[in-house]
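Undergrad: Residues per chain are reported as follows:
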Amino acid sequence: MKKTTVLQVCVAFVLCSPQVMTGSPVDCPDQDTAGTSCSISMEKLLERAVQHAELIYRVSEESKLLFDEMLISNGMNLHIPEGNMCAPKTVPVPLSKSEIQQISDKWILHSLLILAQFWIDPLAEVQASLENYENAPSALLTRSKWMSTKLMSLEQGITVLIRQILGEGSLTLEGLEETSDRFVSSNILETVRRDYSVIYCFRKDAHKMQTFLKLLKCRQIDKENCSLF
Amino acid sequence: MWRDAEQALTLMWLLSWISHSMCHSSPGRPRITRCRSPEKETFTCWWEPGSTGGLPTSYQLYYRKESSLEVFECPDYHKAGNNSCYFDKRHTSIWIIYNITVVASNALGKAYSESVEVDVMDIVQPHPPENVNVTFMQTTNSPYFLVQWQPPHDADTRSGWVTIKYEVRLKIENSGNEEDSNWESYSAGKQLEFSIYSPQPGANYIVQVRCKLDQGLWSEWSPSAFIQIPDNMSDTQNAFMIIAVTLMVIIFLLTAGVLTVKMKPVKHFFLPPVPEPKISGLDTQLLKSGKAEDIFSALITPGYPQIAQRSDHQVEYLVVSDYDEEMDFNGKAHLEFQKGENCLTDTAQKVSQNSIQITLNSSQDVRTTLSEHVYSGAVSSQLSATSGVLGEPQELLPLDCNGLPVKAQDQNTQMSSGSKCEHVSINPAGLMGYVEVDEEKRDQTPLVGEDYSMVTDVISDKILVLQDSIPKQGHKEVKCDKTFKAEETGVVFEPLGYLETLTTFSSGS
Numbered sequence: 001m002k003k004t005t006v007l008q009v010c011v012a013f014v015l016c017s018p019q020v021m022t023g024s025p026v027d028c029p030d031q032d033t034a035g036t037s038c039s040i041s042m043e044k045l046l047e048r049a050v051q052h053a054e055l056i057y058r059v060s061e062e063s064k065l066l067f068d069e070m071l072i073s074n075g076m077n078l079h080i081p082e083g084n085m086c087a088p089k090t091v092p093v094p095l096s097k098s099e100i101q102q103i104s105d106k107w108i109l110h111s112l113l114i115l116a117q118f119w120i121d122p123l124a125e126v127q128a129s130l131e132n133y134e135n136a137p138s139a140l141l142t143r144s145k146w147m148s149t150k151l152m153s154l155e156q157g158i159t160v161l162i163r164q165i166l167g168e169g170s171l172t173l174e175g176l177e178e179t180s181d182r183f184v185s186s187n188i189l190e191t192v193r194r195d196y197s198v199i200y201c202f203r204k205d206a207h208k209m210q211t212f213l214k215l216l217k218c219r220q221i222d223k224e225n226c227s228l229f
Numbered sequence: 001m002w003r004d005a006e007q008a009l010t011l012m013w014l015l016s017w018i019s020h021s022m023c024h025s026s027p028g029r030p031r032i033t034r035c036r037s038p039e040k041e042t043f044t045c046w047w048e049p050g051s052t053g054g055l056p057t058s059y060q061l062y063y064r065k066e067s068s069l070e071v072f073e074c075p076d077y078h079k080a081g082n083n084s085c086y087f088d089k090r091h092t093s094i095w096i097i098y099n100i101t102v103v104a105s106n107a108l109g110k111a112y113s114e115s116v117e118v119d120v121m122d123i124v125q126p127h128p129p130e131n132v133n134v135t136f137m138q139t140t141n142s143p144y145f146l147v148q149w150q151p152p153h154d155a156d157t158r159s160g161w162v163t164i165k166y167e168v169r170l171k172i173e174n175s176g177n178e179e180d181s182n183w184e185s186y187s188a189g190k191q192l193e194f195s196i197y198s199p200q201p202g203a204n205y206i207v208q209v210r211c212k213l214d215q216g217l218w219s220e221w222s223p224s225a226f227i228q229i230p231d232n233m234s235d236t237q238n239a240f241m242i243i244a245v246t247l248m249v250i251i252f253l254l255t256a257g258v259l260t261v262k263m264k265p266v267k268h269f270f271l272p273p274v275p276e277p278k279i280s281g282l283d284t285q286l287l288k289s290g291k292a293e294d295i296f297s298a299l300i301t302p303g304y305p306q307i308a309q310r311s312d313h314q315v316e317y318l319v320v321s322d323y324d325e326e327m328d329f330n331g332k333a334h335l336e337f338q339k340g341e342n343c344l345t346d347t348a349q350k351v352s353q354n355s356i357q358i359t360l361n362s363s364q365d366v367r368t369t370l371s372e373h374v375y376s377g378a379v380s381s382q383l384s385a386t387s388g389v390l391g392e393p394q395e396l397l398p399l400d401c402n403g404l405p406v407k408a409q410d411q412n413t414q415m416s417s418g419s420k421c422e423h424v425s426i427n428p429a430g431l432m433g434y435v436e437v438d439e440e441k442r443d444q445t446p447l448v449g450e451d452y453s454m455v456t457d458v459i460s461d462k463i464l465v466l467q468d469s470i471p472k473q474g475h476k477e478v479k480c481d482k483t484f485k486a487e488e489t490g491v492v493f494e495p496l497g498y499l500e501t502l503t504t505f506s507s508g509s
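Same order as they appear, the protein sequences are chains A and B.
Residue numbers for the first sequence follow UniProt numbering, beginning at 1 and rising by one.
Residue numbers for the second sequence follow UniProt numbering, beginning at 1 and rising by one.
Rather than coming from a laboratory, the hints here were simulated on the basis of the structure.
Worth double-checking, as some hints may not be accurate.
As a list, the in silico DSS-like pairs of lysine-lysine whose alpha-carbon atoms are at most 25 Å apart [claimed, not checked]:
1) B:Lys190 x A:Lys106
2) A:Lys44 x B:Lys165
3) A:Lys217 x B:Lys264
4) A:Lys64 x B:Lys89
5) B:Lys288 x B:Lys262
6) A:Lys217 x B:Lys190
7) B:Lys267 x A:Lys223
8) B:Lys165 x A:Lys223
9) A:Lys217 x B:Lys165
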């Protein structure tokens, strides 16, 4: 009996120890968060956020292509003037690498949060609207559904990052969203145009989020190699 | 003639003047061919001019940014060559749409190209990787060659601004053949080197690398790198392989031969045969050969009476007594061994017909003395005293050699299965008694050796119930497949093999 118990203990130890070795190093930062559980390390958080954003961008790109194909196959030659399609955000977003490198982490994080929060509702609307199309490809439907869910989790991640890096509480969107987006048009062309513009502009903003996060990750983790401001 | 010459001259002059004036026109529309950004920080646009209209034409490029109406002109016309416009870092904004137009103008007019809308994030195509080189690594068992390269010098891969991905392709150079062999492509991720294993010896390889930023366009293939694989490495390997294969074939054939010749012992070695159930001391071979002596000598001490042998020893004993046929059967207990269902009906009839019961002298005064003889060294069973027997039903389980109760079914199976249908019916009606077995009585000479007519009952394989004064009775065995008639005079019973008899007495009356 003794032998077996010893063996069991050893096996249990062996099984448990890799978890201990590769377990996430937890940070228990400050006393403000007393009562809440320890959070995941920032490297892992940033890593996950970057992967999320990259994946969201890739799926949004595919969605746009699928939408283009659908338009072409339906014979809708929508020449959508791309120039002024995407509504400008109330808060200006840096637009070049040099600009981005000059702004602070705080600014990057706030921009990220604004972008993420902005797109949750329009994506949900587009997804509902796409279901009413006659021959929308199912791949497009699944992708739009996927994007809205993943965007919500990305937003949560950004909130956690803000709390960890900046130590702030939760941030509410101060800029007013134009709620005039919620129009239901009986005109099919208008609806299609609106849906296309949502997908098109979301793709662009997804690329922005991805880029911001990658820069942020480099700055936080690998300070020597990243070109700083 | 003069006139003709003059006319010709004027005609020619007119024509040249006309043609001269016709060539001059406003320029044709230029066309913007492409715009590219090599690192997502700057970009360049190229256009192709339309017809010049015969006059010197100048080109300007104007652009507008997405939401503003202000028009700007190209910041640098020269850096990227002719008919190009280079936007440096200060003038490049990502994620906004540039609306670009090229204007060709000469003395006679202007021509506007079609406007092109450009977003920098969509036009990213990097320069090819640099310094591609290939080296051959000769390790003994697995030679390979290693491809190494550098990222394009203007891509900022370190800060995370762009994520770069590489792709390697190679093919064997067939200088002799006319047809082209195909390229093999391998994705190399973010690493800066790549190993290619198992190259063809003696072949010339051409290797190229290209890269991509984020989701942009693939770059051009880098300049080729060449490598020649030396020839000599294959021979020893081939010889080794051939020898190994032939050895294995020989070994295989040998084992097959050995197996076929010595099948049984090998088979027994790997799959030992399952032993059949046996009674210790009893050899089935002896049984079959039919020598009772040997059989019993194993079981019992020698001296056991010789019995006429039968090969199958189904011994069930019917203890029967003569009864009228009107006897009500219901009051009697039957114990019926049945082997095989087809005996059911038969046995019922037979029982009714042949019900003979042995009644021992049922007067209460007479006690039949029965002697029992025990012939065994092992039997130590003691039957209960006779006093308890008379008038009382008793239950006796059959006893095997060691005095342990044995179930009836097992006994049947133990016996050699000669007859298909055994029916043993025991109808206890009268009083039966048996005699105490005393160990001391062993010394008595066995009665049974000579005269089996004395045996009235067999209780176990060692115990024969003898009757001193026997009214004429008959034993009868009922067997489905054997018709056996009881003889009036004598007692005939089946020779004893191992005898189990299940006797169950229950009072039915």
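Undergrad: Hint by hint, say whether it matches the structure.
TA: Results of checking the hints against the structure:
1. B:Lys190 x A:Lys106: Not OK: Lys190 of chain B and Lys106 of chain A at ~30 Å, beyond 25 Å, violated.
2. A:Lys44 x B:Lys165: Satisfied, since the Cα-Cα distance of roughly 23 Å is no more than 25 Å.
3. A:Lys217 x B:Lys264: At roughly 73 Å apart (the allowed maximum being 25 Å), Lys264 of chain B and Lys217 of chain A break the hint.
4. A:Lys64 x B:Lys89: Violated, at about 28 Å.
5. B:Lys288 x B:Lys262: violated (29 Å)
6. A:Lys217 x B:Lys190: Roughly 17 Å between the alpha carbons, so the hint for Lys217 of chain A and Lys190 of chain B holds.
7. B:Lys267 x A:Lys223: violated (72 Å)
8. B:Lys165 x A:Lys223: holds (23 Å)
9. A:Lys217 x B:Lys165: holds (19 Å)
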